[in-house]
Amino acid sequence: GAVVSQHPSWVICKSGTSVKIECRSLDFQATTMFWYRQFPKQSLMLMATSNEGSKATYEQGVEKDKFLINHASLTLSTLTVTSAHPEDSSFYICSARDRTSGGPYNEQFFGPGTRLTVL
Amino acid sequence: SQQGEEDPQALSIQEGENATMNCSYKTSINNLQWYRQNSGRGLVHLILIRSNEREKHSGRLRVTLDTSKKSSSLLITASRAADTASYFCATDRIQGAQKLVFGQGTRLTINP
Numbered sequence: 016g017a018v019v020s021q022h023p024s025w026v027i028c029k030s031g032t033s034v035k036i037e038c039r040s041l042d043f044q045a046t047t048m049f050w051y052r053q054f055p056k057q058s059l060m061l062m063a064t065s066n067e068g069s070k071a072t073y074e075q076g077v078e079k080d081k082f083l084i085n086h087a088s089l090t091l092s093t094l095t096v097t098s099a100h101p102e103d104s105s106f107y108i109c110s111a112r113d114r115t116s117g118g119p120y121n122e123q124f125f126g127p128g129t130r131l132t133v134l
Numbered sequence: 045s046q047q048g049e050e051d052p053q054a055l056s057i058q059e060g061e062n063a064t065m066n067c068s069y070k071t072s073i074n075n076l077q078w079y080r081q082n083s084g085r086g087l088v089h090l091i092l093i094r095s096n097e098r099e100k101h102s103g104r105l106r107v108t109l110d111t112s113k114k115s116s117s118l119l120i121t122a123s124r125a126a127d128t129a130s131y132f133c134a135t136d137r138i139q140g141a142q143k144l145v146f147g148q149g150t151r152l153t154i155n156p
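Going line by line, the protein sequences match chains S and W.
Everything in the first sequence is counted per the working numbering, starting at 16 for the first residue and increasing by one.
Everything in the second sequence is counted per the working numbering, starting at 45 for the first residue and increasing by one.
Treat the hints loosely; a few may be bogus.
[What the hints assert, rightly or not] Stretches of chain S that chain W covers, calculated by requiring three or more beta carbons in the stretch to come under 8 angstroms of a beta carbon on chain W:
#	stretch
1	59 to 72
2	100 to 113
3	123 to 130
[To be verified] Here are the simulated distance ranges between beta carbons:
#	chain 1	residue 1	chain 2	residue 2	range
4	S	K29	W	K100	44 to 50 angstroms
5	S	K56	W	I57	15 to 21 angstroms
6	W	E97	S	L89	26 to 32 angstroms
7	W	R85	S	K70	28 to 34 angstroms
Simulated from the structure, these hints should not be mistaken for laboratory data.
This structure is a prediction, so every number in the text was calculated from the model and none was measured.
Cβ atoms here follow ideal geometry from the backbone N, Cα and C, with glycine treated the same way.
Turn these sequences into a full structure, and let the hints guide you.
Okay, structure coming up:
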């Protein structure tokens, strides 16, 4: 299957700082990218959906000014956690799909995740 | 918001036994997918079953889909210690934006 990479794989930062996480589709054009958050022993919660070149659509309860998403190209999306606080510590997973292929059955590919710890 | 619910939330069986996990969802779907996640790691895609399919096999995995009951099951036969992981179903809904929404997951423990 297609490969999605994330960088960094883990990051530790001080409270109040901003952290940027990159998500790249390595061998396909990701017309749509998704950002999920997962707390320990819980499921993945969708945070936002972004289409290349347009603004992200955030799920209910997710602060768009806190979680800035940029999908500037067909292979790169970034999530910036602004003014991070300890409660933002979580596992962030990006995902991508190529909506131009496969119709309604196209697969969504997942990155390996980024573990964020805010001290 | 979560689309699906899975049961059981946790399952512990002996190596060699079969493990069955169930997933229920609420809205009409294009497809349903099952994923595995080892502790602290990323997701591994297991099977995608389309809305017009009723059963699908992949190695020791068997997935069924009943769209009339809005439910799916994942059967792992002849379980191994390496199957210990969390298993999630995810639905791809027909209406609205195409995006996968995950169930709560089942934590499977295979005892040697």
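Okay, the hints, checked on the actual structure:
For a cut-off of 8 angstroms, the count of residues in the stretch 59 to 72 of chain S with a CB near a CB of chain W stands at 5, and the three-residue condition holds. Counting residues of the stretch 100 to 113 of chain S whose beta carbon lies closer than 8 angstroms to any beta carbon of chain W gives 4, which meets the minimum of three for the stated coverage. Here's how the stretch 123 to 130 of chain S fares: 7 of its residues keep a CB closer than 8 angstroms to some CB of chain W, so the rule of at least three is met and the hint holds. Look at K29 of chain S against K100 of chain W: about 48 angstroms separates their beta carbons, and that is inside 44 to 50 angstroms.
For K56 of chain S paired with I57 of chain W, a C-beta distance near 20 angstroms keeps the hint of 15 to 21 angstroms intact. The supplied range of 26 to 32 angstroms is met by E97 of chain W and L89 of chain S, whose beta-carbon atoms lie about 30 angstroms from each other. Between R85 of chain W and K70 of chain S the beta carbons are some 31 angstroms apart, a value that agrees with the proposed interval 28 to 34 angstroms.
Comparing the model with each numbered hint stated earlier shows that all of them hold.
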